[in-house]
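Peer 1: Keeping the supplied structure of chain E fixed, place chain W upon it in accordance with the hints.
Protein chains: 2
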Amino acid sequence: MEKFDVHILGCGSALPTTRHFPTSQIVNLRDKLFMIDCGEGTQVQFRRSKLKFSRLNHIFISHLHGDHCFGLPGLISTFGMLGRTAELCIHAHQDMSKYLDPILDYFCQHLPYKVTLIPFETKKPELIYEDRSLMITTIPLKHRIPCCGFLFEEKAERNHINREMIDFYQIPIYQMNRIKNGENFITPDGDIIPNSRLTFPANPPRKYAYCSDTIYNQKIIEQIQGVDLLFHEATFTQSDLPRAKETYHTTARQAAQIALAANVKKLLLGHFSARYEDDLIFLQEAKEIFLKCQLASEGLYINV
Amino acid sequence: MEKFDVHILGCGSALPTTRHFPTSQIVNLRDKLFMIDCGEGTQVQFRRSKLKFSRLNHIFISHLHGDHCFGLPGLISTFGMLGRTAELCIHAHQDMSKYLDPILDYFCQHLPYKVTLIPFETKKPELIYEDRSLMITTIPLKHRIPCCGFLFEEKAERNHINREMIDFYQIPIYQMNRIKNGENFITPDGDIIPNSRLTFPANPPRKYAYCSDTIYNQKIIEQIQGVDLLFHEATFTQSDLPRAKETYHTTARQAAQIALAANVKKLLLGHFSARYEDDLIFLQEAKEIFLKCQLASEGLYINV
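Note that the protein sequences, when read in sequence, are chains E and W. For what it's worth, my numbering labels the leading residue of the first sequence as 765, then goes sequentially. For what it's worth, my numbering labels the leading residue of the second sequence as 765, then goes sequentially.
Chain E on its own, in the form it takes in the complex (with noise of 0.2 Å):
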């Protein structure tokens, strides 16, 4: 199987502790690496985990509060100082611009690099990054200011040839493209052999959905429907449910039902609230609904 894996950085939220890093992940899917969300200290978390700096060209923030972007200037001026050249893409609602560019343009006015802002729609799914193996799209999550989760989804691979029954029935070369893409082989006698005969099926596409900050919102269920990991925020516990619908986020308890709803295959809390001495809590409130549950914390990695 081919490398997916999800890298906590940071699973605090706004108020930054001694025990928590603010909010910030590295998806890693093939040795390609995608940052989820830079709170600050996000660099020396990166460092920490030991992934190369080199593989990163894009970012991804969910919203503009400070604990999901306010490590940025710190990355990019230190990108600059490691002589980095590769383009780094920021994706982000439209106002990123507002906050960085007064950096870019006060801090950063010699950087070896260029870093290109490329604007999301937070309101509806959007496809907003697309590889050979990779689709990312935003889920529209219902927060205090314009926020997006994202999902990203494994493209399907082609299915894998069975040598001995192309050597069996001598299929040319030439054919092992079509053959590739499901279709059956026709004998130069007119027999019709079915493709399943001549084709290991692929390894399924995985999907890893990403929803934070938000509310308890059940829209998201139909998008996220199946997924192999979800990550959802957990800010609160339930016998904080009024401050969580005031601040416009979730309990442990609420994470849950939505795993449970979307029947995702395995559940990660994260985004603790720093008013809980124990971060076990969320997770024994979250398995009570949903058992396949994991808290995230920092230097955690995840196969998805």
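To be clear, the hints were calculated from the coordinates, so they are not data collected in a lab. Wrong hints could be hidden among the right ones.
Heads up, the list lumps identical chains together, so a pair's fine if it works in one copy or across two of them.
[To be verified] Straight line, CA to CA, 30 Å or less: simulated DSBU-like cross-link-like pairs of lysine-lysine:
#1 K878 to K862
#2 K1029 to K919
#3 K1029 to K767
#4 K1029 to K814
Peer 2: This is chain W only, laid out in the frame that chain E set:
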């Protein structure tokens, strides 16, 4: 002796590492806190120091490089979330407003307290803060951009009353202020009792000088003459002297030469480049010139 401590929150240079945070310090004079510089991650280091956020009302930024100010937005936001109401004064070069105003406008619209930028000149020494017990003066430095160090000077205390002698000479209470101010006492018989018999001398006022970032600059020696503690940057070692000159930084040896020429009581080295594996190399180099020398490190606090 009244409290006069320097707490090191970060003492690395521009490239943050897992060993050092970028620059920030807290000067604690009689439980009033003064922050010098505010690199990324400062708020968490401040929290770790166990000093009280509410005791901080003044921040001094030496210059507008990211490793000295990228922690401000997070710190300001966090103070807001914690319900701060007292004004926060930020003393810096006038360009600070180009950096901070857009951030305050976008992220801090509902801040429950006032942030006031107080610009200072960087070309000649200027008194930028004064209260009953303290004066803070800028120390013009030579760096790639306008930059100042800061001289913290305790004000001279009045002499302490020698209670026994006051009783012996039956000096009336209303005379006490004059005696504290150094006047002699004249008895009803016309005898002159010299002040030195009636008081103990006050503690000599202490001085702390912060000098970072700067190229080796003998012009500062006069202003920091005889300070109790000198923090001087030592970004490089002597083997990287050309690099130090090129980037307008100082070597450990040069910092020690400044300390020696200024006849300071103690030298504290910091702003270490990430290129050296072991900071002890700075100490060894400096001690060849100036023995009373110590390395800064995160979490260290030192009595002035």
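Peer 1: Would you mind marking each hint as holding or not holding in the structure?
Peer 2: Now the hints, each set against the structure:
no.: 1; hint: K878 to K862; result: both (17 Å within a copy, 22 Å between copies)
no.: 2; hint: K1029 to K919; result: within (18 Å within a copy, 67 Å between copies)
no.: 3; hint: K1029 to K767; result: within (18 Å within a copy, 58 Å between copies)
no.: 4; hint: K1029 to K814; result: within (28 Å within a copy, 42 Å between copies)
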